[in-house]
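Q: Sequence:
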Amino acid sequence: MHKGDITVALVEGLIAEQFPPWADLPVHPVELDGIDNTTFRLGDQLSVRLPSAEGYAAQVEKEQRWLPQLAPQLPLPISTPVAQGRPGCGYPWAWSVYRWIDGETATVENIADLTAFAAELAGFLVALYRIDGSAGPPAGPHSFDRGGPLTDAFDTQVRQAIDGLGSVIDGPAASALWQAAWDAPPPAAQRKVWAHGDITGTNLLVREGQLAAVIDFGTSAVGDPACDLTIAWTLFSGPSRQAFRSRLELDEATWARGAGWALWKALITLHQAQARGSDGLGEARRWGWRVGPRQVIEEILGDTDLRS
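Using this note's numbering, read the sequence shown as starting at 1 and increasing by one per residue.
Hints are computed from structural coordinates only; laboratory data are not their basis. Beta carbons: idealized from backbone N, C-alpha and C, even for Gly. Treat the hints with care, since some could be wrong.
[Unchecked claim] In silico lysine to any residue, SDA-like type, Cα no more than 25 Å apart, as pairs:
(1) K62 x G166
(2) K62 x F144
(3) K3 x G140
(4) K62 x P29
(5) K3 x P81
(6) K3 x Q84
(7) K62 x D24
(8) K62 x W100
[To be verified] What follows is a list of derived Cβ distance ranges for each label pair:
(9) A188 x Q45: 41 to 47 Å
(10) G282 x E249: 32 to 38 Å
(11) D305 x P29: 37 to 43 Å
(12) T7 x P68: 26 to 32 Å
Just need the whole structure built from these sequences, with the hints factored in.
A: See the structure below:
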């Protein structure tokens with residue numbers, strides 16, 4: 001099963017077979033689809049979300065179990081499943097039906113006040129981090145290690161990207177910041193919390209310029225929230241970055257690890273883009289970044305708060 005095999009006709013067949021009361025609802029692809037899952041509108045009120053590969057299939061059970069428990073404890077709407085589908089019609093994995101949430105994915109163009117937006121997002125994360133995570137799923141393959149430590153695999157990718165990019169970036173400064181992130185002490189066991197895992201513009205919905213919802217908890221896990229800080233450099237800057245940082249109840253070590261996550265993402269994006277003869281701006285815009293990966297790297301390396 002490949003992502004291209006997940007079609008409107010397949011979804012129509014699954015709905016007709018497993019949820020007959022919804023069989024007459026029209027099925028349409030969403031305008032901006034993800035990589036981990038393929039999503040379709042189902043009528044006006046629902047959506048269908050199907051893992052696009054086996055590696056993403058474990059996220060279904062996690063979201064089905066935990067999102068209904070998280071939702072009432074959060075100050076903004078989140079993606080919440082209303083039904084779980086089973087394999088069928090040639091599709092091999094479980095899948096979900098969600099309540100549709102209206103909104104546009106966040107960009108600097110459709111956010112009315114970026115500083116206020118940053119503070120509100122930080123408030124949402126503060127609420128998420130206060131939820132008891134003691135019984136939640138620890139970071140692992142289901143979260144693609146989001147919520148976990150920066151592993152040897154990440155280290156290898158970063159070192160290769162720095163070497164491959166050569167003089168395009170400040171390699172020694174990138175290596176030093178990455179080492180600082182690697183050396184930053186991990187959170188104590190009692191401080192492990194729910195992490196969303198992929199806080200980026202495409203997973204934040206905006207209505208009338210305001211933050212309206214947070215979606216796509218596929219990479220969520222209980223562990224280290226540092227992975228949620230990437231947006232401090234990919235979307236926020238100056239006053240908005242400061243507002244985001246000041247409202248979050250996180251120590252300097254967590255911010256050092258967060259900068260490592262952001263550097264990893266920007267480095268591999270730029271390295272892969274350069275191999276294709278691109279600057280990576282298209283990918284960055286698709287994810288809701290304010291700037292391209294090269295500028296993200298420069299802003300991380302120039303962030304004086306990381307050296308305080």
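Q: Just to be sure I understand the hint, the distance between the Cβ atoms of D305 and P29 should be within 37 to 43 Å; is that true here?
A: About 41 Å separates the Cβ atoms of D305 and P29, which means 37 to 43 Å holds.
Q: Assuming the hint says 41 to 47 Å, is it satisfied by the Cβ distance from A188 to Q45 or not?
A: Given about 43 Å between the Cβ atoms, the range holds.
Q: Within 25 Å, alpha carbon to alpha carbon, are K3 and Q84?
A: Measuring from Cα to Cα gives roughly 19 Å; hence the hint holds.
Q: Kindly confirm whether 26 to 32 Å is satisfied by the beta carbon distance between T7 and P68.
A: Once the Cβ atoms are compared, 29 Å apart, the range 26 to 32 Å for P68 and T7 holds.
Q: Under the criterion that the straight-line Cα-Cα distance not exceed 25 Å, is the pair K62, W100 satisfied?
A: holds, 19 Å
Q: Holds or violated: are the alpha carbons of K62 and P29 at most 25 Å from each other?
A: The given pair, whose Cα atoms are some 24 Å apart, holds under the 25 Å limit.
Q: Take the C-alpha atoms of K62 and G166, compute the straight-line distance between them, and say whether it is at most 25 Å.
A: violated, 41 Å
Q: Checking one constraint from the list: CA of K3 to CA of G140, max 25 Å. Satisfied?
A: Given pair K3, G140 holds - Cα atoms ~23 Å apart, limit 25 Å.
Q: Could you tell me whether the CB distance from G282 to E249 stays inside 32 to 38 Å?
A: holds, 35 Å
Q: With the threshold set at 25 Å, check whether the alpha-carbon distance from K62 to F144 stays at or below it.
A: holds, 13 Å
Q: Can the restraint linking K3 and P81 be considered satisfied, given a maximum Cα separation of 25 Å?
A: holds, 21 Å
Q: Under the criterion that the straight-line Cα-Cα distance not exceed 25 Å, is the pair K62, D24 satisfied?
A: violated, 29 Å
In summary, the structure is inconsistent with hints 1, 7 from the numbered list given earlier, while agreeing with the others.
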